[in-house]
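Construct all of the structure, not just a fragment, from the sequences and the given hints.
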Amino acid sequence: MNVALHPLAANPAPAGGAVAATNAAANAAAASFAALVDSLDYLDAASIEQVRKAYRFADAAHLGQLRNSGEPYITHPIAVAALCASWKLDAPALMAALLHDAMEDCGVTKADLIERFGVTVAELVDGLTKLDKLQFHTREENQAESFRKMLLAMARDVRVILIKLADRTHNMRTLADMPRSKWQRIASETLEIYAPIAHRLGLNQTYRELQDLAFRYLHPWRYATLAKAVNKSRNRRRDLIKKVQAEVDAAFSRIGMKVRLAGREKTLYAIYQKMQLKHLSFAQVTDIYGFRVIVPTVTDCYTALGVLHQMYKPVPGKFKDHIAIAKLNGYQSLHTTVVGPAGLNIEFQIRTEEMHVVAEAGVAAHWLYKAQNADGTTAERLGTKWLQSLLDIQNETRDAAEFWDHVKVDLFPDAVYVFTPKSQIMALPRGATVVDFAYAIHSNVGDHATAAKINGELVPLRTELTNGDVVEIITAPVSTPNPAWLGFVRTGRARSKIRHYLKTLAQTESERLGEKLLSQALRAEGLAQLPPLNAETQPIWDKLLRFTGNRTRSELMTDIGLGKRIASIVAKRLVALLGEIGHRPDALLMSRERYTAHETLSQGAIMLDGSESASVQYASCCRPVPGDAIVGYLGRGEGLVVHNAHCSVAKRLQDKDSERFIAVDWSDEPARQFETGITVTMTNRKGALARVASALADAEVDIIHVDMPDEAALETTELRFIIAVRDQTHLEAALRNLRRTPAVLRAVRMTPQG
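In the working numbering, the protein residues as written are 15 to 768.
Simulated from the structure, these hints should not be mistaken for laboratory data. Predicted model only: the values in this text are computed from it and were never measured. For glycine and all other residues, C-beta sits at the position ideal for the given N, C-alpha and C. Incorrect hints may appear among the rest.
[Claimed, not checked] Under the rule of at most 30 Å between Cα atoms (straight-line distance), these lysine-lysine pairs were calculated in the DSSO-like manner:
(1) Lys-467 to Lys-288
(2) Lys-292 to Lys-272
(3) Lys-196 to Lys-257
(4) Lys-586 to Lys-665
(5) Lys-280 to Lys-242
(6) Lys-246 to Lys-288
[Claimed, not checked] Computed beta-carbon distance windows for the label pairs:
(7) Lys-334 to Ala-297: 32 to 38 Å
(8) Gly-121 to Ala-59: 27 to 33 Å
(9) Arg-199 to Thr-464: 40 to 46 Å
(10) Glu-673 to Ser-708: 46 to 52 Å
(11) Ala-747 to Ala-498: 37 to 43 Å
Laid out in structure tokens, this is it:
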């Protein structure tokens with residue numbers, strides 16, 4: 015509240031100059047109320063009379079009080095009511111706006127207001143009085159309790175927060191009259207609480223203004239510098255913007271579409287935020303200017319988008335359809351950024367007139383449409399889900415501090431703010447994990463992340479971040495992205511980086527595997543090696559690629575490695591093409607390869623050592639380990655899947671799709687450990703699981719996963735382990751160790767029959 019009290023009535027004989035000044039101030043207040051009444055043409059005569067009655071009461075209650083600027087205090091409630099009138103709020107809301115400080119400053123009771131103006135107005139004023147007593151700069155219990163009361167008052171009647179936002183907006187507009195010592199607290203409170211509430215309720219115009227005003231008083235020097243830079247830029251580009259406006263107007267005139275074009279400039283705070291978060295200089299922020307294209311219907315929005323994209327080249331990845339998928343606060347528009355004249359990026363927001371009102375006024379659009387169209391059904395629903403959720407949270411959470419924590423997440427629906435160990439702040443989407451944070455710093459950090467610390471404690475990489483966390487990423491040069499990360503990352507950047515890495519890796523390895531498979535298939539056709547890619551063989555390769563439908567030799571090899579092409583068919587075609595230019599197969603090689611190969615697997619053996627990564631998968635149905643008899647199935651688009659030769663799944667596939675099977679064998683030196691499953695039946699007594707784990711550890715076996723039944727009361731229980739072993743011999747040693755353990759009744763490998 016921006017008020018200083020001066021009991022002028024206590025001076026029985028004011029000087030003539032003081033009387034003149036007082037009269038002038040009173041006249042100014044009356045003139046500003048007259049201007050307010052002129053804007054109330056949407057109300058009926060009886061409602062306007064009620065507003066006049068509230069004004070007279072407030073004027074008398076605030077008599078003798080002055081604001082810090084020296085103006086009569088009543089000018090502030092009038093200004094607040096004028097802002098509410100711009101949203102076309104009803105008479106009770108305007109009366110509450112005029113009376114909003116009467117209870118706190120003037121000794122007026124709630125009973126007085128009920129008697130004079132009715133219960134509705136009194137409840138609104140009472141809710142606002144509670145809001146004005148809040149102090150948000152600490153997180154102590156009394157502040158949390160006060161904040162809960164404010165939100166619940168808002169949930170019961172949204173007019174409470176609309177009047178409060180109007181009050182806060184006017185106070186921020188006149189903050190320069192306040193002592194400088196109060197700027198920081200009031201501006202911080204505005205930026206942290208009131209601006210997010212305005213955004214959550216869709217009052218975007220108020221949201222932007224509050225942000226800019228808070229920025230102005232939090233960082234006066236930065237604000238002034240940025241304002242000066244924007245002014246210079248505006249002057250430099252005025253002709254360019256006019257040119258775009260003329261071109262767009264002409265384009266829509268040609269197709270006969272009626273549009274309203276309005277210029278839009280990024281707010282200073284939005285520019286500052288972008289510079290801070292993306293580490294840009296002012297010159298690097300290219301989307302400062304934009305246009306709003308207001309069209310008659312939703313269909314026209316998409317037509318207008320097509321017209322703009324024909325005129326100017328769209329910037330990839332900068333199109334958003336908020337009409338098909340509206341934002342949580344009801345905002346709808348098409349957003350596209352195009353490259354305008356002189357390479358200037360320009361954003362266009364395309365919407366209908368109704369969408370425009372909702373975009374600027376949010377929940378207040380309900381009253382706007384009620385006044386204009388007598389139909390508030392569309393805008394009436396805006397914000398109601400969130401307001402209802404406040405009441406639901408209140409029912410579930412009786413602790414005020416916990417309630418505040420829940421609601422704070424909803425006030426910042428799009429971001430959590432976390433810190434690097436060097437105190438650099440980073441904004442990430444809500445629900446973002448440690449891996450998202452790592453990729454936000456740099457793709458190399460994300461690619462090589464192995465562990466992380468949050469607030470000094472080691473945490474898993476899938477841990478979700480919360481506001482205020484200090485996050486440290488631990489990296490290792492040998493670490494690479496894990497496909498499982500795609501299951502929990504939230505940011506597009508992290509997702510795209512992980513996918514790109516895995517796709518590149520898979521493509522490289524699949525190409526290598528495809529080349530090996532084709533070479534072996536050619537040997538079975540009597541050719542010792544793949545023909546080189548040179549001037550002589552280029553026509554052959556071109557014909558082969560036309561036959562397979564691939565664009566390049568590399569793509570063909572990748573497709574063979576992924577199982578999209580059968581190596582033996584490609585090999586036969588290649589041999590036929592080579593035969594056309596005189597290359598004859600080696601009959602001796604053909605005979606040797608065909609008669610020494612496996613009866614049903616005619617493509618020769620691929621050697622496996624576990625280092626194949628993405629191009630080779632080991633089937634989870636049978637989990638083969640070195641020493642097992644194995645077969646390879648070339649799945650469509652899956653690459654090579656290795657099964658135990660006795661696996662029932664592999665046998666079914668072999669009966670149905672035998673040409674997709676190739677011979678595989680283990681290398682003499684496996685490069686890593688392999689996972690397999692074991693079943694342990696044991697007596698259900700204290701410490702038994704610890705003894706089983708100890709027996710596996712003694713055998714140098716890693717436990718990957720344990721599956722335990724919920725049968726705590728039974729005498730025996732069956733545990734299923736996924737363990738990592740070097741080979742079949744290592745597995746047998748581990749099973750012997752288990753069988754010697756007193757609590758263990760039986761220990762066997764899970765059967766490869768599935």
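*asked:* Quick check: does the Cβ-Cβ distance between Arg-199 and Thr-464 fall within 40 to 46 Å?
replied: At roughly 43 Å between Cβ atoms, Thr-464 and Arg-199 fall inside 40 to 46 Å, so the hint holds.
*asked:* Given the hint of 27 to 33 Å, is the C-beta distance from Gly-121 to Ala-59 inside that range or not?
replied: Taking Cβ atoms as reference, Gly-121 and Ala-59 lie about 32 Å apart, which means the hint holds.
*If you draw a straight line from the CA of Lys-586 to the CA of Lys-665, is it 30 Å or shorter?*
The given pair, whose Cα atoms are some 27 Å apart, holds under the 30 Å limit.
_Tell me if the beta carbons of Ala-747 and Ala-498 are separated by a distance inside 37 to 43 Å._
Distance hint for Ala-747, Ala-498 is violated at roughly 30 Å.
*Cβ-Cβ distance between Lys-334 and Ala-297: within 32 to 38 Å?*
25 Å, violated
*Please work out if Lys-467 and Lys-288 have their alpha carbons no farther apart than 30 Å.*
With a Cα-Cα distance of about 27 Å, the restraint between Lys-467 and Lys-288 holds, given a limit of 30 Å.
_Proposed proximity, Lys-272 with Lys-292 (alpha carbon, max 30 Å)_ = 38 Å, violated
*Taken at face value, is the distance from the CA of Lys-242 to the CA of Lys-280 at most 30 Å?*
Satisfied, since the Cα-Cα distance of roughly 14 Å is no more than 30 Å.
*Please work out if Lys-196 and Lys-257 have their alpha carbons no farther apart than 30 Å.*
Since the Cα atoms of Lys-196 and Lys-257 sit roughly 45 Å apart, the hinted pair is violated (cutoff 30 Å).
*Given the hint that Lys-246 pairs with Lys-288, does the C-alpha gap stay at or below 30 Å?*
The hint holds at about 19 Å.
*asked:* Given the hint of 46 to 52 Å, is the C-beta distance from Glu-673 to Ser-708 inside that range or not?
replied: Given a distance of about 49 Å, which is inside 46 to 52 Å, the answer is holds.
Hints 2, 3, 7 and 11 from the earlier list are contradicted by this structure; the remaining hints agree with it.
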